[in-house]
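With chain G's structure known, arrange chain R on it following the hints.
Number of protein chains: 2
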Amino acid sequence: MGRWEPNARGRLEEAALELYSERGFEQTTVAQIAERAGLTERTYFRHFADKREVLFGFPGQLHAGITEAVASAPADASALGAVEAALTAMGAVLQERREKARKRQAVIDENPELQERELIKMATMAALLTETLRARGIADSAAALAAETGIAVFKVAFERWIQGPDRLDLPTMIREALEELQSLAADYGTR
Amino acid sequence: MGRWEPNARGRLEEAALELYSERGFEQTTVAQIAERAGLTERTYFRHFADKREVLFGFPGQLHAGITEAVASAPADASALGAVEAALTAMGAVLQERREKARKRQAVIDENPELQERELIKMATMAALLTETLRARGIADSAAALAAETGIAVFKVAFERWIQGPDRLDLPTMIREALEELQSLAADYGTR
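Just so you know, the protein sequences line up as chains G and R, in that order.
Per the UniProt record's numbering, the first sequence starts with residue 1, numbered consecutively.
Per the UniProt record's numbering, the second sequence starts with residue 1, numbered consecutively.
Here chain G stands alone, though its shape is the one from the complex (with noise of 0.2 angstroms):
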């Protein structure tokens, strides 16, 4: 936050995820994690509550990702077209991040703890896009269904991508996701 310390809040959370990734997330203590760093443990605890909550990133940035996104989906897009925009562009910032999200994810597999901080950040997501869509103008029981099913979609995509080979997009990846929910759908009606 100061500028004398440039990148404090990025310089932390990569070296939280060194740390985790070598010692284990239990082993590891704020006071190494701000060493690292090259930074204070004030600082840290300027930009995050606790040991867990550097390893979840900027909320406001996410919220102002999805809020965008599904703003600018074009006027026409179906309720699942605007949470494929959604979706797909905190996708494409996963993307760029390949390494980071699988180090940050085999940290979390580790950790039960860790698995219900990420269960609610998925809980919040949807409920984020459900409000998203509402102002959208789309109905209030389609916009709870679309979303909270596009967050299950994109679980889904996330867990093959991250488990996947190198050369997997994961943007396509979730696309690919919602054309099999569609055939899937389709196929529920057919019984």
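Quick caveat, the hints were computed from the structure, so don't treat them as lab data.
There may be inaccurate statements among the hints.
[To be verified] With a straight-line Cα cutoff of 30 angstroms, these simulated DSS-like cross-link-like pairs (lysine-lysine) come out:
(1) G:Lys51 to R:Lys51
(2) R:Lys121 to G:Lys51
(3) R:Lys51 to G:Lys121
(4) G:Lys51 to G:Lys103
(5) R:Lys121 to R:Lys100
[Said to hold, decoys possible] Pair ranges (Cβ atoms, derived):
(6) G:Ala127 to R:Pro74: 30 to 38 angstroms
(7) G:Gln163 to R:Glu96: 34 to 42 angstroms
(8) R:Glu176 to G:Gly65: 31 to 39 angstroms
(9) G:Arg42 to R:Lys103: 18 to 26 angstroms
(10) R:Thr124 to G:Thr172: 24 to 32 angstroms
(11) G:Asp166 to R:Lys100: 36 to 44 angstroms
(12) G:Ala31 to R:Glu41: 34 to 42 angstroms
(13) R:Arg23 to G:Arg167: 37 to 45 angstroms
(14) G:Thr124 to R:Lys103: 20 to 28 angstroms
(15) R:Arg23 to G:Arg42: 36 to 44 angstroms
(16) G:Gly65 to R:Glu96: 42 to 50 angstroms
Beta carbons: idealized from backbone N, C-alpha and C, even for Gly.
Below, chain R without anything else, positioned relative to chain G:
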């Protein structure tokens, strides 16, 4: 568990729900729950690990219910058809306990820690449903997608039901939400 304490588990659940509704979750102790149920704290801890778990039911029963419902879906049911069987079976159980479900939801809505626990329950159900669909011979990727989407649909239908008038029937609402999803998915393709 002892035959001298008939239905101890159910009595503890009932007592906890009453006290949480009357005084709030935070303000209630395990000693008070045990007393209200006419049982000892020791008996409480034989059934539940902590104050939270008494609200999260019988994991074994849920497991058996989902597995059985998916297994008994017609052989030619689609992936989402098998998901429907599981979700409506869960829905029928909740429909039977409507008043309890409402009280429980009101307690959960007041407490972020309980909301997190509910998210974990939902994630566990999605994983279980995925596994059950795979056991049915549905391909891995389709199974995860159908299960995660199904749980998303369930959440939306449940919320409509719990907030709506008494005459609503949860299994019917789950089927309607699946049909709405089908229609959203069909519109997605026509962008």
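Verify the proposed pairing of Lys121 (chain R) with Lys51 (chain G), using a straight-line Cα cut of 30 angstroms.
-> Answer holds: Lys121 (chain R) to Lys51 (chain G) is near 25 angstroms, not above 30 angstroms.
Assessment of proposed distance window 18 to 26 angstroms (beta carbons of Arg42 (chain G), Lys103 (chain R)) = Between Arg42 (chain G) and Lys103 (chain R), where Cβ atoms are some 45 angstroms apart, the hint is violated.
Check the following: the C-beta atoms of Glu176 (chain R) and Gly65 (chain G) are separated by a distance inside 31 to 39 angstroms.
-> With a Cβ separation near 32 angstroms, Glu176 (chain R) and Gly65 (chain G) satisfy 31 to 39 angstroms, so the hint holds.
Beta-carbon spacing of Thr124 (chain R) to Thr172 (chain G) - inside the hinted bounds 24 to 32 angstroms or not | 30 angstroms, holds
Do the beta carbons of Arg23 (chain R) and Arg42 (chain G) sit within 36 to 44 angstroms of each other?
-> 40 angstroms, holds
Given the range 36 to 44 angstroms, decide if the beta-carbon distance of Asp166 (chain G) to Lys100 (chain R) lies inside it.
-> 50 angstroms, violated
Restraint check for Lys51 (chain G) with Lys103 (chain G), where alpha carbons must lie at most 30 angstroms apart = Distance ~16 angstroms between Lys51 (chain G) and Lys103 (chain G) Cα, so the pair holds.
Mind checking the hinted window 30 to 38 angstroms against the Cβ distance between Ala127 (chain G) and Pro74 (chain R)?
-> Since the Cβ atoms of Ala127 (chain G) and Pro74 (chain R) sit about 36 angstroms apart, the hinted range of 30 to 38 angstroms holds.
Kindly confirm whether 20 to 28 angstroms is satisfied by the beta carbon distance between Thr124 (chain G) and Lys103 (chain R).
-> 26 angstroms, holds
Do Ala31 (chain G) and Glu41 (chain R) keep their Cβ atoms within the hinted range of 34 to 42 angstroms?
-> Given range 34 to 42 angstroms: holds, Cβ gap about 40 angstroms.
Take a quick look at whether Lys51 (chain R) and Lys121 (chain G) sit within 30 angstroms of each other, Cα to Cα.
-> Within the cut-off at roughly 25 angstroms; holds.
Pair hint outcome, Lys121 (chain R) versus Lys100 (chain R) [Cα-Cα no greater than 30 angstroms] | Satisfied, since the Cα-Cα distance of roughly 18 angstroms is no more than 30 angstroms.
Checked against the numbered hints listed earlier, the structure breaks hints 9, 11, 13; every other hint is satisfied.
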